Amino acid sequence: MEAVMDKIPKSLHENLSKNLINIVLSAENRNAVPSELAKRVIYLWRQDQLASPTGIQTMLEAASLADTNATCDCLEELGLKEVAILLKNIQ
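Each residue of the sequence shown is one higher than the one before, starting from 0 at the first, in numbering that gives the first Met the number 0.
Take the hints with a grain of salt, since some may be wrong.
[What the hints assert, rightly or not] Computed list of lysine-lysine pairs in DSSO-like fashion (alpha-carbon distance at most 27 Å, straight line): (1) K9 - K80; (2) K38 - K87; (3) K17 - K6; (4) K38 - K17; (5) K87 - K9; (6) K9 - K38; (7) K17 - K87; (8) K17 - K80; (9) K6 - K38; (10) K80 - K6; (11) K87 - K6.
Since the hints were derived computationally from the structure, they do not count as laboratory data.
Note that the coordinates shown come from a computational prediction; the quantities given were computed from them, not determined experimentally.
Between the sequences and the hints, there should be enough to build the whole structure, so can you do that?
Quick look at the structure:
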């Protein structure tokens with residue numbers, strides 16, 4: 000996942016975190032995100048850290064579990080096609 004994180008500019012963290020949280024919250028499979036990961040997301044949200052590198056990494060993990068295609072589409076829309084390809088390869 001570090002290879003993925005290295006490719007994401009900090010200037011996109013805020014928009015990316017908002018898009019990823021929308022993917023997680025609108026996922027059809029409510030059980031796709033394990034409870035420990037969901038707790039980590041909630042903790043980071045409470046600390047206002049979803050746009051931090053740790054928050055982005057956590058949200059990428061959660062969103063890719065919830066809906067890999069939507070996550071990759073989101074990344075591509077932000078001009079992060081290389082990141083989307085790396086994420087697909089990790090899955």
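I'd like to know which numbered hints this structure contradicts. Please list them from smallest to largest.
As far as the earlier hints go, not one is violated by this structure.
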